[in-house]
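K.L.:
Chain by chain, the residues run as shown.
There are 2 protein chains.
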Amino acid sequence: MVTALEYAQSHHEQFLEQLEAFVRIPSVSTDPAHAEDVRRAAEWLADDMRRIGITAEIVPTKGHPIVYGEWLGAGEPAPTALVYAHYDVQPAIKSDGWDTEPFEPYRVDGKVYGRGVADDKGHSLLVVKALECYLASGTPCPINLKFLIEGEEESGSANFATFVRENTERLKADTCIVADSGLTRADQPDIYYGIRGITSVEFRVRGPKTDLHSGVHGGYVHNPAQVVAEMVAKLHNDDGSVAVPGFYDTVRLLPEAERAELNKNDLTAQDWADFVGAPQAWGEPGYTLLERATTRPTLEINGISGGYAGDGMKTVIPAQASAKITCRLVADQKPEQIGALVRDYLYQIVPPTVTLEVEVHAGGEPVTVPIDSAPVQALVRAFRYHWDAAPHFKRTGGTLPILSVFQEELKLPSVMLGFSLVDSGIHGPNEHFHIDLFYKGLDTLIVLYEELAVS
Amino acid sequence: MVTALEYAQSHHEQFLEQLEAFVRIPSVSTDPAHAEDVRRAAEWLADDMRRIGITAEIVPTKGHPIVYGEWLGAGEPAPTALVYAHYDVQPAIKSDGWDTEPFEPYRVDGKVYGRGVADDKGHSLLVVKALECYLASGTPCPINLKFLIEGEEESGSANFATFVRENTERLKADTCIVADSGLTRADQPDIYYGIRGITSVEFRVRGPKTDLHSGVHGGYVHNPAQVVAEMVAKLHNDDGSVAVPGFYDTVRLLPEAERAELNKNDLTAQDWADFVGAPQAWGEPGYTLLERATTRPTLEINGISGGYAGDGMKTVIPAQASAKITCRLVADQKPEQIGALVRDYLYQIVPPTVTLEVEVHAGGEPVTVPIDSAPVQALVRAFRYHWDAAPHFKRTGGTLPILSVFQEELKLPSVMLGFSLVDSGIHGPNEHFHIDLFYKGLDTLIVLYEELAVS
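These protein sequence lines are chains F and Z, in that order.
Residue numbers for the first sequence follow the working numbering, beginning at 225 and rising by one.
Residue numbers for the second sequence follow the working numbering, beginning at 225 and rising by one.
With the rest of the complex left out, here is chain F:
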């Protein structure tokens, strides 16, 4: 392993240049105009894998391809890790607020800038380069590796679950590494062990058969824009808790020790103000800011619309109005179950003056990774190579549907990791990766592959 780490050390510049070459391919998966670029990025990555000695394949899907690579050279008794990352990126154009062209990477102040450097091309490359450091230095890699690098993460991983479900035998492994997260501070390792699930509900109310003149008809018809507002207002109690009956029934409360541990990293009022910038915090009473956004379920209005939204006024009673809702879920809430509760409640509160349509979309399960599981503990040890501080165990309020796919379909213990900082412009302008964290991440992965063999 030492030789692998030495190899890493002596190839820093080369690996960084490879990242820059990878980033130059604008593999924006949400934009059909970039389909060929997405394809090119998949080929670039598969070629690099093959050069290293990985058996790589570009697997077509109904959407963008998956890059699947296998290196099973550690042999039968050694454990196998399935490594997930994604090579597609968010859209980016300079006028979004970038200082330079997003797909022309450059380095300044110890950071490398470019769309996808952090999310998630940097990590896609690091997991492969860590194996390269073993293979190219002649150090035996102690574990087998299966790389599953998808091209549709930013567009919803539409074909990912199907691929996993249809390839459970091929993807068989002992542990799963999901390399798509980050650190809050450069000097502090973070291990995310909990994510929230999601369920999405859209509803629409229809009143008059057409838009009506609000002067001529105002007063005797229940305005759908008003009805939607009145229904949305009933989704929360005055104290900020969710008013949908049964919403909290299946929520498993966190052990006090875990709450205390988590709350060591609670946001201060100042952190919150810097981060959010709203006049005052809000939310479910009895929980810290951190808990509200990570360990408690929520119901958010992602969109509300009805009537005229242009400049000036239009005196209209809209024929219809609608709202889009997502709930973030925690164990043991089930997406279908919560979606049904919200739907039923909407039917309960809708007034008889309108008709209601509700659509519940497929969701994602909340996932919690046991902290004492083998891969998590291996990562704890791997972090020690570069960091003095013990990792913070954290939860995120977001959802990682692929994690629930791994958990449901493959029944694998998982660990989430990442080395870019959370404020590194992911999904926004001037995305960057701190170069020293990129190198530290590489070493940490080399050590992790070793530690996974030990555990």
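Calculated from the structure, these hints are not laboratory results.
Treat the hints loosely; a few may be bogus.
[Claimed, not checked] Calculated lysine-lysine pairs in the DSS-like style (CA-CA distance at most 30 angstroms, straight line): (1) K396/F - K538/F; (2) K433/Z - K318/F; (3) K318/F - K286/Z; (4) K635/F - K286/F; (5) K286/Z - K538/Z; (6) K538/Z - K538/F.
[Claimed, not checked] So, partial list: chain F residues that the calculated Cβ filter (under 8 angstroms) puts toward chain Z: (7) L436; (8) G507; (9) L513; (10) T579.
Beta carbons: idealized from backbone N, C-alpha and C, even for Gly.
Assemble the complex: chain F is given as a structure, and chain Z must be docked to it using the hints.
P.N.:
Below, chain Z without anything else, positioned relative to chain F:
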């Protein structure tokens, strides 16, 4: 007068062809691309006035011109009527649901179709043709006439009040005829004697400094889309009445006799269902459907918007959300006063988690025309020429800002009239005018000009 009526009878086809020619000019005042067409329509009308013997002028405004015509041949002791109509029209394209091209008029089943035939080119032409029947037939017209035909009614009459205010001497008259309404049934004359006023309020709440990821941040920030809904929901009481404190304080109650008279024309449940098509009626308790929409003040949500409104889902907490409100007012509510009450209430109910911006726009006064006034009684008599039924006295829930301008600036007794049917597609597709009502309207105006001299 008999000769004028005979002249009308013998020129039906010619006048209808003139209407068709007028309608072929797409004088859409809301669309800058049609500015030249609006100008052409003004010229067409002014030319026709001059041909008849009216002194006509195209008065430029900051927007579209006003056509002003004077015929003062009745002399000094005869009364003068100021006649209002408008030559601009609503936008229309065939794909809005028209059976044929909206600006290529055609006749079928006793109706003439085309954008603007009813609203308001038909009436613009009729008021002029009535005078032509006098002048061309050699019958002395018993009153002087001042025609004020504007080109911005459909775009808010932005420059109309200024023109009236700056020309009070020139516009001096004894009565005012506003020729821009209609009839509910062909066999029943209607006289509108009351209109509601209006005040417009827009508000916007701002929460986080940018749109936030609703997974990462959901739970500790008060979502602006939710806040707008919660505020809108507080604008009405559960029973449908307006919850803004003081909203009803200045409302003058109608005498019971007037209520009883009005309610003879109350909508049946079936009328309402045919007209509106919503599952169930709604509104302020204690008032009939008709009263709710005409004699009672209202608060309508004309638009609500915040967050994502496209297809599918976007997991966003919007940085801001907004709503557009109009209140319809009745005597003695003042637009500025009610606008201020709504604004103050919004500031009272806004939670401390967001910032609020409120904009109150200029409004229009409610107007009631005394039924026993001279011009109204002259119209009652004029209707007898073609109709057996006595006129129904009605109120409309809409607002006619120009009527309050006439009332405020010129202190003129007014009468509103119109001969198209209310379901004639005004502002919608397949706008039409019943040809026999067009001719009856012409005769009625000829008789009205005579009756105004009598009164």
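K.L.:
Would you mind marking each hint as holding or not holding in the structure?
P.N.:
Going through the hints against the structure:
As the CA atoms of K396/F and K538/F are separated by approximately 60 angstroms, the hinted pair breaks the 30 angstroms bound. For the given pair, K433/Z sits about 21 angstroms from K318/F by alpha-carbon distance, which is consistent with the 30 angstroms threshold. Using a Cα cut-off of 30 angstroms, the hinted pair K318/F and K286/Z is violated, with the two alpha carbons roughly 40 angstroms apart. Among the hinted pairs, K635/F with K286/F is consistent with the structure: their alpha-carbon atoms are about 25 angstroms apart, no more than 30 angstroms.
With a CA separation close to 43 angstroms, the supplied pair K286/Z and K538/Z exceeds the 30 angstroms bound. For the suggested pair K538/Z and K538/F, the alpha carbons sit about 27 angstroms apart, so the restraint of at most 30 angstroms is met. The restraint placing L436/F at the interface with chain Z holds, with a minimum CB-CB distance near 7 angstroms, inside the 8 angstroms limit. Annotation: G507/F was flagged as interfacial toward chain Z, and the flag holds, the nearest CB pair being 5 angstroms apart, inside 8 angstroms.
Because the closest C-beta pair between L513/F and chain Z is about 5 angstroms apart, less than 8 angstroms, the hint holds. With 8 angstroms as the threshold, the beta carbon of T579/F comes within range of chain Z, its nearest partner Cβ sitting at about 6 angstroms, so the hint holds.
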